[in-house]
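Novice: All residue numbers for the sequence shown refer to our numbering, where the first residue is 26 and numbers rise by one.
What the hints contain is simulated information worked out from the structure, not anything from laboratory work. Treat each hint with caution, since some may be false.
No more than 25 Å apart at the CA atoms, straight line, and that leaves these computed lysine to any residue pairs for SDA-like [stated by the list, open to error]:
#1 K171 <-> M189
#2 K230 <-> G173
#3 K169 <-> M183
#4 K134 <-> K230
#5 K230 <-> G60
#6 K171 <-> T185
#7 K134 <-> E43
#8 K171 <-> A93
#9 K169 <-> K77
#10 K134 <-> R201
#11 K134 <-> A110
#12 K226 <-> R97
#13 K169 <-> E89
#14 K77 <-> G60
#15 K77 <-> R97
#16 K134 <-> G152
#17 K226 <-> D207
DEER-style ranges, computed between Cβ atoms [unchecked claim]:
#18 L187 <-> M142: 18 to 26 Å
#19 N143 <-> D211: 38 to 46 Å
#20 D72 <-> M101: 14 to 22 Å
Owing to the predicted nature of the structure, the values given are computational and were not obtained by experimental measurement. The beta carbon of each residue, even a glycine, is placed where N, CA and C say it ideally should be.
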Amino acid sequence: MPLTQTSKPRRTRLAPEERSQLILDAAAQIVVNEGVSAVNMDRLGRDAGISKALVYNYYPNRSELLRALLLREVRMYQGQQLTAAESAPDVHSLIRITTRAYLDHIAVKGVLIERLMNEPSIAEGMGEMERQGRARTVEYFAIKLKEGLSMPIELARMMTELGMGLTGAGGAYLDRTGCNIDLLEDMIVSMLMSNFAAVEKDYTKWRKVETAGLSAG
Numbered sequence: 026m027p028l029t030q031t032s033k034p035r036r037t038r039l040a041p042e043e044r045s046q047l048i049l050d051a052a053a054q055i056v057v058n059e060g061v062s063a064v065n066m067d068r069l070g071r072d073a074g075i076s077k078a079l080v081y082n083y084y085p086n087r088s089e090l091l092r093a094l095l096l097r098e099v100r101m102y103q104g105q106q107l108t109a110a111e112s113a114p115d116v117h118s119l120i121r122i123t124t125r126a127y128l129d130h131i132a133v134k135g136v137l138i139e140r141l142m143n144e145p146s147i148a149e150g151m152g153e154m155e156r157q158g159r160a161r162t163v164e165y166f167a168i169k170l171k172e173g174l175s176m177p178i179e180l181a182r183m184m185t186e187l188g189m190g191l192t193g194a195g196g197a198y199l200d201r202t203g204c205n206i207d208l209l210e211d212m213i214v215s216m217l218m219s220n221f222a223a224v225e226k227d228y229t230k231w232r233k234v235e236t237a238g239l240s241a242g
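Could you put the whole structure together from the sequences, leaning on the hints where they help?
Specialist: Put into structure tokens, the structure is as follows:
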């Protein structure tokens with residue numbers, strides 16, 4: 026009976042971008058399960074099924090790799106939120122859809138991003154990008170509020186900033202307590218819409234006070 030030669034399993038050849046994302050996926054899993062300190066190039070090579078040398082071909086050092094991971098997660102969330110916002114037909118839908126998108130993001134990726142942001146060497150340089158991203162978000166929502174609630178853009182910007190603060194507090198609460206996400210979503214949306222309605226109602230009164238103050242000056 027002829028002997029059969031045992032063939033080695035063929036390694037799948039991935040495109041460079043796919044390989045890069047595979048490495049980042051492995052890093053993300055380690056950060057979530059064991060913390061940032063557990064990430065090293067040897068471990069990443071083993072978990073991603075590639076050599077340590079190949080990991081270095083994509084990322085010259087550990088800090089660059091983890092910064093790339095953080096950047097990927099931030100950009101991914103920003104893209105998801107914009108996509109969610111564009112599907113909203115009115116202000117109420119806009120608030121509900123984007124609030125849920127944010128809470129879902131925190132539920133899935135909150136631990137990962139928090140741990141990465143808490144490392145100064147990783148978060149370095151992300152501050153400016155975060156500020157720019159927030160400014161774009163504020164302007165986008167302010168324009169939507171201005172159109173949907175018929176208010177000046179300056180007031181809409183103020184309301185957007187305050188609303189983002191409330192939503193951020195909700196995300197922090199979810200991350201800390203693991204509370205019922207559906208209930209939290211309803212609560213945040215109810216609080217925001219009630220505040221918007223109150224501002225619409227009181228805006229005329231505020232304008233009178235402001236005008237009187239300017240006249241007195």
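Novice: Give a verdict on every hint.
Specialist: Cross-check of the supplied hints:
A hinted pair counts as satisfied when its Cα atoms are at most 25 Å apart, and K171 with M189 qualifies at roughly 16 Å. Proposed proximity of K230 and G173 is supported: the alpha carbons are some 20 Å apart, at most 25 Å. Proposed proximity of K169 and M183 is supported: the alpha carbons are some 13 Å apart, at most 25 Å. Simply put, K134 and K230 have alpha-carbon atoms about 43 Å apart, too far for the 25 Å limit, and the pair is violated.
Between K230 and G60 the CA atoms are separated by roughly 52 Å; this puts the pair beyond 25 Å, and the hint is violated. In summary, the hint linking K171 to T185 is supported, as the alpha carbons are separated by about 10 Å, within the 25 Å threshold. Distance restraint check for K134 and E43: the Cα-Cα separation of roughly 20 Å lies within the 25 Å cut-off, and the hinted pair is therefore satisfied. A hinted pair counts as satisfied when its Cα atoms are at most 25 Å apart, and K171 with A93 does not qualify at roughly 36 Å.
In summary, the hint linking K169 to K77 is not supported, as the alpha carbons are separated by about 48 Å, beyond the 25 Å threshold. A distance of roughly 13 Å separates the Cα atoms of K134 and R201; the hinted pair therefore holds under the 25 Å criterion. Taking the CA atoms of K134 and A110, the gap is near 20 Å; set against the 25 Å cutoff, the hint holds. A threshold of 25 Å between alpha carbons decides the hint, and for K226 with R97 the separation of about 42 Å lies outside it, so the pair is violated.
Straight-line distance between C-alpha atoms of K169 and E89 comes to about 37 Å, which puts the hinted pair past the 25 Å bound. At most 25 Å may separate the alpha-carbon atoms for a hinted pair to count; K77 and G60 meet this at roughly 20 Å. Taken as a hint, the K77 and R97 pair is honoured in the structure, with Cα atoms around 22 Å apart against an allowance of 25 Å. With a C-alpha separation of about 19 Å, the suggested pairing of K134 with G152 holds against the 25 Å cut-off.
Only pairs whose Cα atoms come within 25 Å are accepted, and K226 paired with D207 is rejected, the gap being roughly 29 Å. Between L187 and M142 the CB atoms are about 23 Å apart, so this pair conforms to the stated range of 18 to 26 Å. N143 and D211 have their C-beta atoms about 30 Å apart, which leaves the hinted 38 to 46 Å range violated. In this structure the supplied range 14 to 22 Å holds for D72 paired with M101, their Cβ-Cβ distance being about 20 Å.
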